[in-house]
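Undergrad: Taken in order, these protein sequences are the chains called A and B.
Using the working numbering, the letters of the first sequence correspond one by one to residues 967 to 1412.
Using the working numbering, the letters of the second sequence correspond one by one to residues 967 to 1412.
It should be emphasised that the hints constitute simulated quantities derived from the structure, not laboratory data.
Virtual Cβ for every residue (Gly too), placed ideally from N, Cα, C.
Fair warning: there could be bad hints in the mix.
Unchecked claim - Reference excerpt, derived from the structure (chain A facing chain B, CB under 7 Å, subset only):
hint, residue
1, R1157
2, I1160
3, A1334
4, V1407
There are 2 protein chains.
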Amino acid sequence: MLAEIRPRPDELAHLQGVIDRLVPAIEARGAGAMVVGSASRGTWVRGDRDLDLFLLFPPGLDRDSLERDGLAMARAIALEFGDGYREKYAEHPYINATVDGIDVDLVPCYCVASATEIQSAVDRTPFHTRYVAERITGLVDDVLLLKQFAKAGGVYGSDQMTEGFAGYLCELLVLRYGSFGGVLAGASVWRPGIVIDLEGHAAKPFEEPLVVVDPVDPNRNVSASVSLSKMMAFVELARGYLAAPSAAFFEVRPDPPMEAGAFADALAERGTALFALRFPTPNLIEDVVVPQLRKSLDGLVQLLARNGFVVNRADCEMGPDHCLLVFELLVDALPAVARHQGPPLWNGENAGKFREKYAARPGAGPFAGPFIEDGRYVVEVPRRYRTAGGLLGSDEILGVSLGKNVRRALGDRELLAGRDCWSAEFAPFLGAFLDPASPLVRLERG
Amino acid sequence: MLAEIRPRPDELAHLQGVIDRLVPAIEARGAGAMVVGSASRGTWVRGDRDLDLFLLFPPGLDRDSLERDGLAMARAIALEFGDGYREKYAEHPYINATVDGIDVDLVPCYCVASATEIQSAVDRTPFHTRYVAERITGLVDDVLLLKQFAKAGGVYGSDQMTEGFAGYLCELLVLRYGSFGGVLAGASVWRPGIVIDLEGHAAKPFEEPLVVVDPVDPNRNVSASVSLSKMMAFVELARGYLAAPSAAFFEVRPDPPMEAGAFADALAERGTALFALRFPTPNLIEDVVVPQLRKSLDGLVQLLARNGFVVNRADCEMGPDHCLLVFELLVDALPAVARHQGPPLWNGENAGKFREKYAARPGAGPFAGPFIEDGRYVVEVPRRYRTAGGLLGSDEILGVSLGKNVRRALGDRELLAGRDCWSAEFAPFLGAFLDPASPLVRLERG
Chain A
967 MLAEIRPRPD ELAHLQGVID RLVPAIEARG AGAMVVGSAS RGTWVRGDRD
1017 LDLFLLFPPG LDRDSLERDG LAMARAIALE FGDGYREKYA EHPYINATVD
1067 GIDVDLVPCY CVASATEIQS AVDRTPFHTR YVAERITGLV DDVLLLKQFA
1117 KAGGVYGSDQ MTEGFAGYLC ELLVLRYGSF GGVLAGASVW RPGIVIDLEG
1167 HAAKPFEEPL VVVDPVDPNR NVSASVSLSK MMAFVELARG YLAAPSAAFF
1217 EVRPDPPMEA GAFADALAER GTALFALRFP TPNLIEDVVV PQLRKSLDGL
1267 VQLLARNGFV VNRADCEMGP DHCLLVFELL VDALPAVARH QGPPLWNGEN
1317 AGKFREKYAA RPGAGPFAGP FIEDGRYVVE VPRRYRTAGG LLGSDEILGV
1367 SLGKNVRRAL GDRELLAGRD CWSAEFAPFL GAFLDPASPL VRLERG
Chain B
967 MLAEIRPRPD ELAHLQGVID RLVPAIEARG AGAMVVGSAS RGTWVRGDRD
1017 LDLFLLFPPG LDRDSLERDG LAMARAIALE FGDGYREKYA EHPYINATVD
1067 GIDVDLVPCY CVASATEIQS AVDRTPFHTR YVAERITGLV DDVLLLKQFA
1117 KAGGVYGSDQ MTEGFAGYLC ELLVLRYGSF GGVLAGASVW RPGIVIDLEG
1167 HAAKPFEEPL VVVDPVDPNR NVSASVSLSK MMAFVELARG YLAAPSAAFF
1217 EVRPDPPMEA GAFADALAER GTALFALRFP TPNLIEDVVV PQLRKSLDGL
1267 VQLLARNGFV VNRADCEMGP DHCLLVFELL VDALPAVARH QGPPLWNGEN
1317 AGKFREKYAA RPGAGPFAGP FIEDGRYVVE VPRRYRTAGG LLGSDEILGV
1367 SLGKNVRRAL GDRELLAGRD CWSAEFAPFL GAFLDPASPL VRLERG
């Protein structure tokens, strides 16, 4: 297994060649240069072609100058050695370029003396690099195995879509448990709330299900972005591997597409009502768009629920061209009458207003009440939307909390229903949606 | 108004005549005799024809002898003066008979020196009588008004069906607030948790929404049987009367029957799915049967909910011949797929068993999962009952917590659906079910 995931000598040599050209060029321009991330410590899985190169500036420089001068230098490097550049934004702007087939991020940051003096998140990265580099000797293969294991299990990556395990987190887990097998044995008994604190220096309580205190910053949880479900998926995979280890645990297998006919058949067998909103993908990075998709999905699920339509499952996907929000309902048609809960009777003023308003039976259609239930007024009134399609097809959906880019993109939306939700663009996503399985179940099914 | 609810002189004279014949007859047989309840203190609303007469025995007598000798004496009195007798059970057995058109309860009890020495609940009643009789002078009309007000509003009676205000509770409220109008003003600002403690001697905290500490027993809440909704109905009526007093607040108007055609029309307009279980009324008193009906109703609502059928409203009625449990659902048909939640992943042993069981996809029909949601396993399996009618028509309903008499009676049940739920026997109940209104709303609609 290791033989397949260790970087090949020619890959390492090629990467080192790029480093050996870029670092002197940066230093010649008067900044410090530091390779960070997996390339800096050999925890680099075969086939990865990423290089993170930091441009270090003195902390006395003001922020505007750092951004201006740092980016200018990064652009110059990119133009000299690469194929042009792309300007990107994380917390700070940086420059991305391709140099000899390697995807290089050139990131200006402050070179501070201690991690507690950092001025922004990127300044912390060099400290991570030093912390791991000083301790990782002899454990590089374990890190490689763990990263590949997490990748194959679909839990690798701290991006917003994955909500999984970052490379630095994998390194810290190997340092904590001493080996790849040790990490799996440790994880197999994790419970939400577990705290791993290599330096024993946590400066506050953390709320997230998995807490790995950053050894260079006692106020930071390295695994803050790991969702409970991804944490438990890792736990499940660890137990599964310990019970029956096999090479399959390291093989990345993307979701197979579900073709249109199979999709229609599966939907018919389930008997549920499926709706999808499809709209153009905003021209922004995934870590900006995905949180907005999630927020929109939550808001629309709540809108459906407020209108009496119970969502069985819902999910979202950001494709290169379109985004898709998909909702599966048990029932998409409801009766004319809807319940509307009023104030408790002991709130005399509000209760009186409510009674007066509804006792007059405003509007046409079925009407009952106000009556008292559990000490509160309740009325039954004509239902505004009797079908989920009517609700999702209305502009009510723009009234929920959407991100601003998703809101704009929804101006050009299509509402799809039933088998028409299928498109080739989303065939793997829709297959996983209609036939979901945990990572271990998926793996055992082969 | 008072002129209409005060007992007429001829009624009082007739009642006194019955008392004057029964009391000496009891005393002649060696027991004490005491008139308790409203007849003892003139707080007797016109048209009531009830007399509670207690037979007092020395506290040294053992309980078996009290029951045997007390009941024997009560039977003898009933046979001598009345039309035969009916043996009844509250906490203790007692004898009910009709004497000259008056409904007389003859209740054997211990004559104890203080209310803290009572051996059963009935022994407490003479203390209530004495407590009220000593204080009620000048307030009798206020009690009469309050009782009639509560009757007309549908909140009079501490029986299990009404869950309202007992006569003794009305008397205590008048003592507390000084007048009928004072009670309404006080009640208009009641909130759940209010405590009224005339003697300032509550011996413990009480949990019920309305607490009126028994002045003869610091451990007892006189209004323990008042439901939150009936408490708030009284609050609503008090506010309504204070805002616009009228004779209508004292007029008892039973629910008008809803005829079959109007019932079918109302149901069609609502668009909901109605089901009713009808079965013979067990041959027991209301206070035994009604709690069993309520319990059965709750259990069946939960059974429906567990199977995915959301109940909009449900209610029960005990008629002389049949009982009716009625359920209104927004939806009575569901898709083939049903969600089944498994254990959290961090419970490793149970999670492993669950995964193994369901990963094998037991059974036919749609199946998805196990997948992980919020850290728990979830599977989707074929739904057992796709229609509410199928579920309610099955013997699953006998698996919920029913009272033993209701369970037996359900052996001879009919399941009714839609407009067929209607019958003349339940026409007033069904009218109130399909067109419910709070007491004040009903009164204002006239």
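Undergrad: Does each hint hold? Answer for all of them.
TA: The hints, checked one at a time:
{"no.": "1", "hint": "R1157", "verdict": "holds (4 Å)"}
{"no.": "2", "hint": "I1160", "verdict": "violated (9 Å)"}
{"no.": "3", "hint": "A1334", "verdict": "holds (5 Å)"}
{"no.": "4", "hint": "V1407", "verdict": "holds (5 Å)"}
Of the hints listed earlier, the one the structure fails to meet is number 2.
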